[in-house]
Amino acid sequence: MPDFFDIAAGRLPAAQLAANFADAHPPLTPHEAVVEASRCYFCYDAPCIEACPTGIDIPSFIKKIATDNLRGSAMKIFEQNIFGGSCARVCPTEVLCEAACVRMAEEERPVSIGALQRRATDWLMQHDPAPFTRAPATGKRVAVVGAGPAGLACAHRLALHGHEVTVLEARPKSGGLNEYGIAAYKLADDFAQREVDFILSVGGITIEHGKRLGRDFDVSALRRDYDAVFLGIGQEGVRALAIEGETLDGVRNAVDFIAELRQAEDKATLPIGRRVVVIGGGNTAIDAATQARRLGAEDVTIVYRRGVSDMSATRDEQEWAQTNGVRIRHWATPHRLLGEDGHVTGVAFMRTKPDAAGRAMATGETYVLPADMVLKAVGQVFVADPLHADGTLTLATSDGRIAVDGEMRTSLPGVYAGGDCVAGVDLTVAAVQDGKRAAEAINAFLAR
Amino acid sequence: MADLSINFAGIRSPNPFWLASAPPTDKAYNVVRAFEAGWGGVVWKTLGDDPPVVNVSSRYGAVSYNGTRIAGFNNIELITDRPLQVNLDEIRQVKRDWPDRAVVVSLMVPCVESAWKNILPQVEDTGCDGIELNFGCPHGMSERNMGAAVGQVPEYVQMVTEWCKLHSRMPVIVKLTPNITNILAPARAAKAGGADAVSLINTIMSITAVDLDKMAPEPVVDGLGTHGGYCGPAVRPIALRMVGDIARDEELAGLPISGIGGISTWRDAAEFIALGAGSVQVCTAAMHRGFRIVEDMIDGLSNWMDSKGYRTIEDVRGRAVKNYVHWGDLNLNFKTIAEIDQDLCIKCGLCHIACEDTSHQSIAKLRVDGARRYEVIEEECVGCNLCAHVCPVDGCITMVPQPNTKPKLVWANHPNNPMRVPEAAE
Numbered sequence: 000m001p002d003f004f005d006i007a008a009g010r011l012p013a014a015q016l017a018a019n020f021a022d023a024h025p026p027l028t029p030h031e032a033v034v035e036a037s038r039c040y041f042c043y044d045a046p047c048i049e050a051c052p053t054g055i056d057i058p059s060f061i062k063k064i065a066t067d068n069l070r071g072s073a074m075k076i077f078e079q080n081i082f083g084g085s086c087a088r089v090c091p092t093e094v095l096c097e098a099a100c101v102r103m104a105e106e107e108r109p110v111s112i113g114a115l116q117r118r119a120t121d122w123l124m125q126h127d128p129a130p131f132t133r134a135p136a137t138g139k140r141v142a143v144v145g146a147g148p149a150g151l152a153c154a155h156r157l158a159l160h161g162h163e164v165t166v167l168e169a170r171p172k173s174g175g176l177n178e179y180g181i182a183a184y185k186l187a188d189d190f191a192q193r194e195v196d197f198i199l200s201v202g203g204i205t206i207e208h209g210k211r212l213g214r215d216f217d218v219s220a221l222r223r224d225y226d227a228v229f230l231g232i233g234q235e236g237v238r239a240l241a242i243e244g245e246t247l248d249g250v251r252n253a254v255d256f257i258a259e260l261r262q263a264e265d266k267a268t269l270p271i272g273r274r275v276v277v278i279g280g281g282n283t284a285i286d287a288a289t290q291a292r293r294l295g296a297e298d299v300t301i302v303y304r305r306g307v308s309d310m311s312a313t314r315d316e317q318e319w320a321q322t323n324g325v326r327i328r329h330w331a332t333p334h335r336l337l338g339e340d341g342h343v344t345g346v347a348f349m350r351t352k353p354d355a356a357g358r359a360m361a362t363g364e365t366y367v368l369p370a371d372m373v374l375k376a377v378g379q380v381f382v383a384d385p386l387h388a389d390g391t392l393t394l395a396t397s398d399g400r401i402a403v404d405g406e407m408r409t410s411l412p413g414v415y416a417g418g419d420c421v422a423g424v425d426l427t428v429a430a431v432q433d434g435k436r437a438a439e440a441i442n443a444f445l446a447r
Numbered sequence: 000m001a002d003l004s005i006n007f008a009g010i011r012s013p014n015p016f017w018l019a020s021a022p023p024t025d026k027a028y029n030v031v032r033a034f035e036a037g038w039g040g041v042v043w044k045t046l047g048d049d050p051p052v053v054n055v056s057s058r059y060g061a062v063s064y065n066g067t068r069i070a071g072f073n074n075i076e077l078i079t080d081r082p083l084q085v086n087l088d089e090i091r092q093v094k095r096d097w098p099d100r101a102v103v104v105s106l107m108v109p110c111v112e113s114a115w116k117n118i119l120p121q122v123e124d125t126g127c128d129g130i131e132l133n134f135g136c137p138h139g140m141s142e143r144n145m146g147a148a149v150g151q152v153p154e155y156v157q158m159v160t161e162w163c164k165l166h167s168r169m170p171v172i173v174k175l176t177p178n179i180t181n182i183l184a185p186a187r188a189a190k191a192g193g194a195d196a197v198s199l200i201n202t203i204m205s206i207t208a209v210d211l212d213k214m215a216p217e218p219v220v221d222g223l224g225t226h227g228g229y230c231g232p233a234v235r236p237i238a239l240r241m242v243g244d245i246a247r248d249e250e251l252a253g254l255p256i257s258g259i260g261g262i263s264t265w266r267d268a269a270e271f272i273a274l275g276a277g278s279v280q281v282c283t284a285a286m287h288r289g290f291r292i293v294e295d296m297i298d299g300l301s302n303w304m305d306s307k308g309y310r311t312i313e314d315v316r317g318r319a320v321k322n323y324v325h326w327g328d329l330n331l332n333f334k335t336i337a338e339i340d341q342d343l344c345i346k347c348g349l350c351h352i353a354c355e356d357t358s359h360q361s362i363a364k365l366r367v368d369g370a371r372r373y374e375v376i377e378e379e380c381v382g383c384n385l386c387a388h389v390c391p392v393d394g395c396i397t398m399v400p401q402p403n404t405k406p407k408l409v410w411a412n413h414p415n416n417p418m419r420v421p422e423a424a425e
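Chain order of the listed sequences is B and F.
Under numbering that gives the first Met the number 0, the first residue of the first sequence is numbered 0, with each subsequent residue one higher.
Under numbering that gives the first Met the number 0, the first residue of the second sequence is numbered 0, with each subsequent residue one higher.
Next comes chain B alone, as it looks inside the complex (with noise of 0.2 Å):
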């Protein structure tokens, strides 16, 4: 029994399995969300609000669960965000509406704002699955490429207003990084799929899967067979931890195995190491090594180069990890893949420390932290090519990614761009934001 090369699939029994990867934090009670509702003081100029992406009216969807006016409350969710489902799982309310919550000055609770959109849309995706009523149809075509969340907030609103939208997917399943790239228990019972349902019943909107930017058809022919395009296409890039031993084996992406998880018919079947390190501070890295915990690791360590609150994961999300068992070390930069017979046996890392303007810079101090697997989680990056035509980028770029001005025009007439792919932090909700707003314009587009 080697000491090392420990990867190995079925670490816990299938019952175990099941219940690691169930919804981590279940619903509120009826009762529950009641009296959580009356919590809420129903602010005027309310800074939850503001403090929203997609600027949902927060107290009063609020106030209508207080009243039992469930539809009510869910309609004026999905009034602003389509994805009111998912962003109720997955956003990190600790540090947008919750954290503008006045009772966070009052008590430092604030009202479980997330938990209350949650208790509004699933009563709403169970009672009424088909709730939306288009307006009568314009006869004007728009694609849309990627059926992620800035893609098919897109479509919906586009849908709404009388369009008929094609949705172009690189993917075999719509829902983008709802589908792929968020942990499983935060978007359990097949959530993500559950939701694009929801979202396609408003209807004129139809998905070809398998349809890649760049290889299947490309920007120009958008443009000549539709009156109006949209580019949610993400990043489709992974950043590269550019060391020695990179090509080892045990040495994965973090964005593959969280897929591969998601994907996964049977938790039983997906090898794990015994001894994971993650290197990264955001969100995926925390996904990644809770889930390792969770299939089975034994030992998980994040480690990151910089400090607590330079992590673009917020410090829920740290705890989060860090109470499923992950360690997370700071101020320490990856250095060298060890390995033997080809496979990863640790990581030799360099100490760090801040540099005058807080960033950090190598000591020169290392150490080794032993592993069976490494998952990289240091970024995702903007992939161009596939906006290449003749050897020559088709529209402008800004700091890496799609330019875009305030009504998410592209440099091109007539498309539009939103989500990962533009500048903007990369969240869900900002996503969502983008496709709608996206929305509007090329609906204002259409009606000159």
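Be aware that a few hints might be false.
[Claimed, not checked] BS3-like, lysine-lysine: derived pairs with alpha carbons at most 25 Å apart:
1. K321/F / K405/F
2. K94/F / K26/F
3. K62/B / K346/F
4. K94/F / K116/F
5. K346/F / K364/F
6. K62/B / K364/F
Bear in mind the hints are in silico, worked out from the structure with no lab data behind them.
Because the structure is a prediction, the values reported are computed rather than measured.
The hints should help you fit chain F onto chain B, whose structure is shown.
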């Protein structure tokens, strides 16, 4: 340690907390549990003539408010549904076993002298401390010309009280119904009839809710509902006003008052006592949380009295009565203005929107360097208190009385009063 013992119209109890005549005092089992928990007395659930009444199944309705249960409560239950002798035997035994506690017996029999003459000696023979006349029950019994049907006619109140004083030596407490225009009329009638005390309020005629599926008032009995008697925290302000009206009435001076109506805490009790009550009766709060609530009532009242230097209940009783005046006695030159403590403000905006939409547009909504800030516009503020009431943070908005440079001015002397009393000629 304050002395909480009372002598109420000749009825002694170790503390002023009595359980009101209601389901919690229907039988010895409950009453003994109450005494074990520390209650100073009980008013035994109303006795009547045999054969006993019959109660319906489905008896209580309630008003929940923002997730808080039983903000208001109502019942369509009648008087005791047990045979008279069973109650009398239990009362006798309980009083014998608990001689230091007050055991008052509530009574309701038809409005004929023979009925009262018949039951009174039987009750007196139990050794109980006094009787309370149930002239208040607003449902079921009133339709049989008892309860509120008597209490709403001052002449009947006086007549029955006289019978009770004539045919027994027990202290007589007359329980008043609030379902009347002027509470002073039945109170004065009770006094004229020789009552030793009054107790109030009985329940208020009410429908707590309509079941929108069954389309019937709650509580629903086989598809139908009827009005009930309302009680619980929601009725306390109504009870306080009626107690205060009696306490300050010159004709009723010296008439002991047992305060009833939504009393749930020692503070509620202290307010009733300050407005003139010599004992207080509790029901809904005990039905909500059990008899153990009396522990904090006793402890809290005692601690509060110690902190204020009050040694006995008599030291507190009626202290607020002289300050309960008619509107015409209020000083129109008094002015108070809202003040917002910016360090405590949580920026909910409720003071602003309440004032802006529904009052005097005297709270400005500002942004200072992007941060919300709400400020009182003093020249517009009329001192209505609304903002202080809507503010969710204790102590954030206070009403600050302004220095008074003018003499007191009441409506009778105000220039705007067409009926103003003319100034005496020089």
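Hints, one by one, checked against the model:
Between K321/F and K405/F, the direct Cα distance comes to roughly 23 Å. Compliance with the 25 Å bound is thereby established for this hinted pair. This hinted pair checks out: K94/F and K26/F have alpha carbons roughly 12 Å apart, not beyond 25 Å. Distance restraint check for K62/B and K346/F: the Cα-Cα separation of roughly 18 Å lies within the 25 Å cut-off, and the hinted pair is therefore satisfied. Under the criterion of a C-alpha separation no larger than 25 Å, the hint pairing K94/F with K116/F is consistent with the structure, at around 23 Å.
Among the hinted pairs, K346/F with K364/F is consistent with the structure: their alpha-carbon atoms are about 10 Å apart, no more than 25 Å. Restraint check for K62/B and K364/F: the C-alpha separation of about 23 Å stays at or below 25 Å, so the hint holds.
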